[in-house]
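> Now for the letters of each chain:
There are 2 protein chains.
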Amino acid sequence: MTATAYKFVGKSLPKTDAMDKVLGAAKYTEDMELPGMLHAKLLRSEFPHARVLDIDTRKAEKLFGVHGAITAKDIPVNTFGYNFKDQVVFADGKVRYMGDPLVAVAAESEEIAETALDLIDVDYQVLPAVHDPRLALKPKAPKVHEGGNLCFHRKIRLGDVNKGFRLSDKIIADRFTTPKMEHCHLEPHSGIAVFNEQEGLTIWTSCAMLFNVHQELARILQIPSSKIRIIHAMCGGGFGGKNEVSLEPYIALLAMKTGRPVKMTWTREEEFKGSTTRHSYFMEYKTGVKADGTLMAREIKLISDNGAYTQLGESQLTKASIFAAGPYNIPHVKVDGYLVFTNNIVGGAMRGFGVPQVTAAVETHMDHVAEILGMEPLDLRRKNAIASGDRLVTGQVLHNVLLKETMHKAATEAKWRKDYGKETKVPYIRRGRGVACMLYSIGFTEKPNSSGAMLKVNPDGSVVVLVGSADMGQGSNTVLSQIAAEALGVSVDRVAIVSGDTKTTPHCSGTVASRVTYATGNAVRRAADRIKEILFKPAAEKLTVSIESLEAAADWIYVKNNPEKRISIREAAFTSYQHRGEPVIASGHFNPPNTPLDLETGQGDPFPAYVSATQIAEVEVNIKTGLARVVRMVAVHDIGKAINPQLVRGQITGGILMGIGQALTEEIILNQGETQNPNFTDYLIPTAKDAPEIKTFLVDSDEPTGPFGAKGVGESVNIATAPAILNAIADAVGVRIGELPATPERILLALKKAP
Amino acid sequence: MTATAYKFVGKSLPKTDAMDKVLGAAKYTEDMELPGMLHAKLLRSEFPHARVLDIDTRKAEKLFGVHGAITAKDIPVNTFGYNFKDQVVFADGKVRYMGDPLVAVAAESEEIAETALDLIDVDYQVLPAVHDPRLALKPKAPKVHEGGNLCFHRKIRLGDVNKGFRLSDKIIADRFTTPKMEHCHLEPHSGIAVFNEQEGLTIWTSCAMLFNVHQELARILQIPSSKIRIIHAMCGGGFGGKNEVSLEPYIALLAMKTGRPVKMTWTREEEFKGSTTRHSYFMEYKTGVKADGTLMAREIKLISDNGAYTQLGESQLTKASIFAAGPYNIPHVKVDGYLVFTNNIVGGAMRGFGVPQVTAAVETHMDHVAEILGMEPLDLRRKNAIASGDRLVTGQVLHNVLLKETMHKAATEAKWRKDYGKETKVPYIRRGRGVACMLYSIGFTEKPNSSGAMLKVNPDGSVVVLVGSADMGQGSNTVLSQIAAEALGVSVDRVAIVSGDTKTTPHCSGTVASRVTYATGNAVRRAADRIKEILFKPAAEKLTVSIESLEAAADWIYVKNNPEKRISIREAAFTSYQHRGEPVIASGHFNPPNTPLDLETGQGDPFPAYVSATQIAEVEVNIKTGLARVVRMVAVHDIGKAINPQLVRGQITGGILMGIGQALTEEIILNQGETQNPNFTDYLIPTAKDAPEIKTFLVDSDEPTGPFGAKGVGESVNIATAPAILNAIADAVGVRIGELPATPERILLALKKAP
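Heads up: the protein sequence lines correspond to chains V and D, in order. The first sequence begins at 745 in my numbering and counts up by one. The second sequence begins at 745 in my numbering and counts up by one.
No lab work stands behind these hints: they were computed from the structure. Take these hints with a grain of salt, some might be off.
[Unchecked claim] Straight-line Cα separation of at most 27 Å, DSSO-like style, residue types lysine-lysine; simulated pairs: (1) Lys1191/D x Lys1281/V; (2) Lys838/D x Lys884/D; (3) Lys1169/V x Lys1001/V; (4) Lys899/V x Lys882/V; (5) Lys1368/D x Lys1433/D; (6) Lys771/V x Lys1001/D; (7) Lys1309/D x Lys1286/D; (8) Lys1286/V x Lys1166/D; (9) Lys1001/V x Lys1309/D; (10) Lys1001/V x Lys765/D; (11) Lys1286/D x Lys829/V; (12) Lys1191/D x Lys1286/V; (13) Lys914/D x Lys1281/D; (14) Lys765/V x Lys1001/D; (15) Lys1368/D x Lys771/V; (16) Lys1191/V x Lys751/V; (17) Lys1191/D x Lys1191/V; (18) Lys1191/V x Lys1281/D.
[Unchecked claim] So the derived list for chain V, only partly shown, Cβ under 10 Å to chain D, looks like this: (19) Ala762; (20) Asp764; (21) Leu1210; (22) Val1239.
[What the hints assert, rightly or not] Quick partial rundown of chain V residues pointing at chain D, CB under 7 Å, derived from the structure: (23) Leu757; (24) Glu1115; (25) Gly1196; (26) Ser1206; (27) Ala1240; (28) Lys1247; (29) Asn1335.
All C-beta atoms in this analysis are idealised placements derived from N, C-alpha and C, irrespective of residue type, glycine included.
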């Protein structure tokens, strides 16, 4: 079947949950009310680093309406984390950041719970704290954990970087910093836990890695995970901020202790102070280049602030390290990534997982290199761009990378370097354009990360798809329904999907790492193949042909070389149940292949597939106020086959807005570990008014390993945005901002310093 | 592994839902309250047979608090039924029994809904009705349906019955009648329907054949069944009364019409008048026997009152016909079963499915034959009893039938015909003992009836079992958990079960026909075998042995001939997920084999396995009042391996109480189609105070086709009770009651008529 013959793949169907969301009928966890439900709140540390000598909850527990107050002593296993189990559910003897939970209280109302928090006495002994990861690496720095402040060191070694520099005509060095950022999903963390003897524990929460949280919770509570059910509730966004264990242990313990349903919803301030944030980076880049623009060597040092605990920190550092050198062929590369504990808020996954930070650095660094060489920035990129058959810095041979095609398309669509002036009608507003490229990955590195899928065809020929993957709002349920419909040959309006339930749906390693369309989509295809094996048996019998001669499409099973000879899928399904006694149900799974990187050289095949993009930004900078505004963004992405182009455009549009925030406004300001701007007044995210004209293009390609040629699109869409904007600012006003975001203050200061 | 080595099979574990039921925490549908929920009521026909000229709901719809009133015109497809789709959701132009629904109303409260019913005007034109199925077969009888009143004729032909009679020394004839009975599940029918765009229709109901109701509802509503989810709610008993479509279409339509959750709960009166009841029977028996007690021929005519619609009527008639001749070797048998439409309340499935009726007849008839021959009743049975290797009247060669062993054990335990006198200390109270035997089947006849099962082993080695089978309160979830634990070699307390959800659990043909332990249990075993194929891969790798050399037990996977060499199931599961990237999930299904019976001869293999029993009742009869009281019941059952002996004893005890009701008190009294005793004051079910001393024994045997040797136990337990009691009454006071139940009036009347 050729691509053009697809019935449902490549069609912009509306999201399965669109109507309920539009009608206001969609129920988020915060909308759920259960009989007898209690409300829980967390008391968090007031200090970034202190011994906790005593916690006195007696007054709080006596408050009328309070049903329970729990601390570290109430929890069977207090530590958790994805790979490194260094985080505590409750601070036990020591707090390590301002926000470390100490006590959880359940009460009849949120107000009573908050009042109870005020009645808790905590006796702290304040300890010296460390907040700059560079200082934290000094020998005499305060230790956040006993094992020292260097959490993880990732090395990539390709060729001989010193030799590379020796062979270079020019060596260009730059430094960059990127700040901590908050995900700002509009729905804050919210969860409800219910416990009873028969069902065990049931938790509604909108986490993205519910099967991981499920296992973590079983370990924390020391009960079999089969007695815990995590149901992914309707989700108002995650962007990585809902990947890890968050409020689940508190509501679980309180529900088990009180015998009542318990709800906890974090405030926006808690989201900033107590949930994970994007890791901040200090980055040093040095590039050796021939006069003709041939990149010869690149040496990179990354220092990532882990905050007080690890969560997915070392994993994001690995991804950042892999992509730090940019999507270019460079024979000699050395990357050292350091993940460092501080007494700051906790770093975690956020859309792009370290790669937006390093791409902001490498892509503005590339423009600097071009400037030094007197080359056109896109020409420098074209000359060195990675392509299918080339090798990643880890040695992996790449396939189906259409980066050069995205460059060509972006240049064409943006009319790059044609009919373009920097002057505007307003004398103090300057116009500039910048380009940035990126390469990104699908799936996990280092670890297997399987997805399962179960398909049931009912006797009336309608289909239920069961997947563990949570729909975070991005539309995975819609995309997976389209894949199932296409693979089975049934109408998509006869397909229903159940997703994100640790008890009734198959395993999924998470709606993370841009992996769901690819991994779960492949699992759906495999399950569909097995379903067809079942359905084709009665069909072959009825049509008196061989099973191999059959194919399914448009609700029919037909003979491939004689399509008039056919029976309906409904009839085949009915016959299987009612005459053959065989239920039409099958499962499939897919594990994106990868190999762990060598610890010393960083060599290996970290990912199964790669996406790439070129984006060209057009900005206007007010040289009186320093305010930069993005006017236009041309975004050309290589994501394989788009299963649902409208949803892809939605992802790209949202990602560009997020990238604009990274480039221009978003920065968590910390003072001695205390968040100074934990709200939407002082922490500025772009709104619809800040949206530029966005022109998105897809370089359609069929990924041979993906379902119907798809790769994925969740994270890659915000990575090239910030550097394109920063390069456009440099183009407009001649200053390079190495410290993100490029706020008016920083632009003005740079303009003042400029020669 | 020998039977004695089982860890969880054969153990009397408490029911999974016992604690919640004891604590009052179990939530039945009637306990569920949803925001904005409406309450629905049905207006039912006042006449047994009438044309409906007009229905005016305008006044009702204007009543404040009423949100909708629907009739036949609102329903896409109005007819339903299991095989014969002759029943109507709403009477359309004609009512056929007193109880036929005409209008469903949804309102803010039950009271408002009831008031609204009073405001509905129905214009009837009363038609002549027929209530006696024997009269309904006459040519000029009023026609209930256009096609005539004979709904179905089932024939069994073995040998030549006339030749058999010619070869007989004696021919004995009897007539019997059994009444309609109500299931009297303590939880009445109750359901809640919710509709929204994304999820479609969700219905909580405690029906037993939810996958059938699911398909029926999809057909009635003309929407894909994937958009309908039926969740089996906590169930307060069914006994066959919740097998078929009942209130689901009404709440579904009203929820779709109003956009609000809709609950309907039937009153006890509606249960008697508007739900299905046990089919009443007229039975004629004629037996030819040699002087030595050898049964030569048996001719049987059964007339079963179907009521106005068929539901499962023809299926129960088939089963009744198969077992009508009793569990005996008789060379010449002729059975004619007639299912007849009348304008009476609707017949449906009830525990034993026609067989309690025919067994009451054949087993009291056997005592009459013994009396005529001057033989001891048990000797007559022993002489002719069917056994493994013998043929059923359908020609099927039986295996694993231990009827004779149950006879032997029952005689021994009851000290049959030893030290026993009829006199009691009270001169007008006489004591008697009676024996009855029975043969019964597992699973459906005529049709495939598969069950699926899905097993998931989580990374911590705990297990989730997903089955479509509904736990009606009998404990199937407990039994299936035990089978899963045994088959996988994991601790049962690490096993959780999800059951009875048409969206998330695999297909099940119903918690009916005593089939769940056998069919779903076999499906669980098959799924477990596939799970072990997955788990043994990492285990074999770790232990460096072949997969074939491994076995699992007690949470370990070990080398069969070297059990010290082992890894934990937890480690194998974790390795499969985290190192191999293979989720540990598998499904299995089982379809109990059978062949449809020949329509002319009734020959075929109707069932895959058979259970048998002998019960001996001891009664005391007051000859002044006619009141019979059961003092003791020895019940010996051949059910294969008892997976959970305590649950089996519970089934037998409950079944005996139900049989006592059949024998002595329970009878729906109809007058011109109107139920005269639709309540627990006038329709008497046995209570704990009526319970005799019950001694239950199991003739343990390993059924080769069942899971761990199990057959099943749901229905067989009440079949032999009534005839044993009737025979005991005859033994005590010398009169045979051929018209059930043996009320004091009937016993006194018989005593008066006795010579």
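> So, for every hint listed, does it hold in this structure?
Taking the hints in turn, this is what the structure says about them:
no.: 1; hint: Lys1191/D x Lys1281/V; in the structure: holds, 19 Å
no.: 2; hint: Lys838/D x Lys884/D; in the structure: holds, 19 Å
no.: 3; hint: Lys1169/V x Lys1001/V; in the structure: violated, 68 Å
no.: 4; hint: Lys899/V x Lys882/V; in the structure: holds, 20 Å
no.: 5; hint: Lys1368/D x Lys1433/D; in the structure: holds, 21 Å
no.: 6; hint: Lys771/V x Lys1001/D; in the structure: holds, 20 Å
no.: 7; hint: Lys1309/D x Lys1286/D; in the structure: holds, 10 Å
no.: 8; hint: Lys1286/V x Lys1166/D; in the structure: violated, 67 Å
no.: 9; hint: Lys1001/V x Lys1309/D; in the structure: violated, 41 Å
no.: 10; hint: Lys1001/V x Lys765/D; in the structure: holds, 20 Å
no.: 11; hint: Lys1286/D x Lys829/V; in the structure: holds, 25 Å
no.: 12; hint: Lys1191/D x Lys1286/V; in the structure: holds, 19 Å
no.: 13; hint: Lys914/D x Lys1281/D; in the structure: violated, 68 Å
no.: 14; hint: Lys765/V x Lys1001/D; in the structure: holds, 20 Å
no.: 15; hint: Lys1368/D x Lys771/V; in the structure: violated, 68 Å
no.: 16; hint: Lys1191/V x Lys751/V; in the structure: violated, 35 Å
no.: 17; hint: Lys1191/D x Lys1191/V; in the structure: violated, 48 Å
no.: 18; hint: Lys1191/V x Lys1281/D; in the structure: holds, 19 Å
no.: 19; hint: Ala762; in the structure: holds, 8 Å
no.: 20; hint: Asp764; in the structure: holds, 4 Å
no.: 21; hint: Leu1210; in the structure: holds, 6 Å
no.: 22; hint: Val1239; in the structure: holds, 6 Å
no.: 23; hint: Leu757; in the structure: violated, 14 Å
no.: 24; hint: Glu1115; in the structure: violated, 46 Å
no.: 25; hint: Gly1196; in the structure: holds, 4 Å
no.: 26; hint: Ser1206; in the structure: holds, 3 Å
no.: 27; hint: Ala1240; in the structure: holds, 4 Å
no.: 28; hint: Lys1247; in the structure: holds, 6 Å
no.: 29; hint: Asn1335; in the structure: holds, 3 Å
Consistency note: the structure conflicts with the earlier hints numbered 3, 8, 9, 13, 15, 16, 17, 23, 24.
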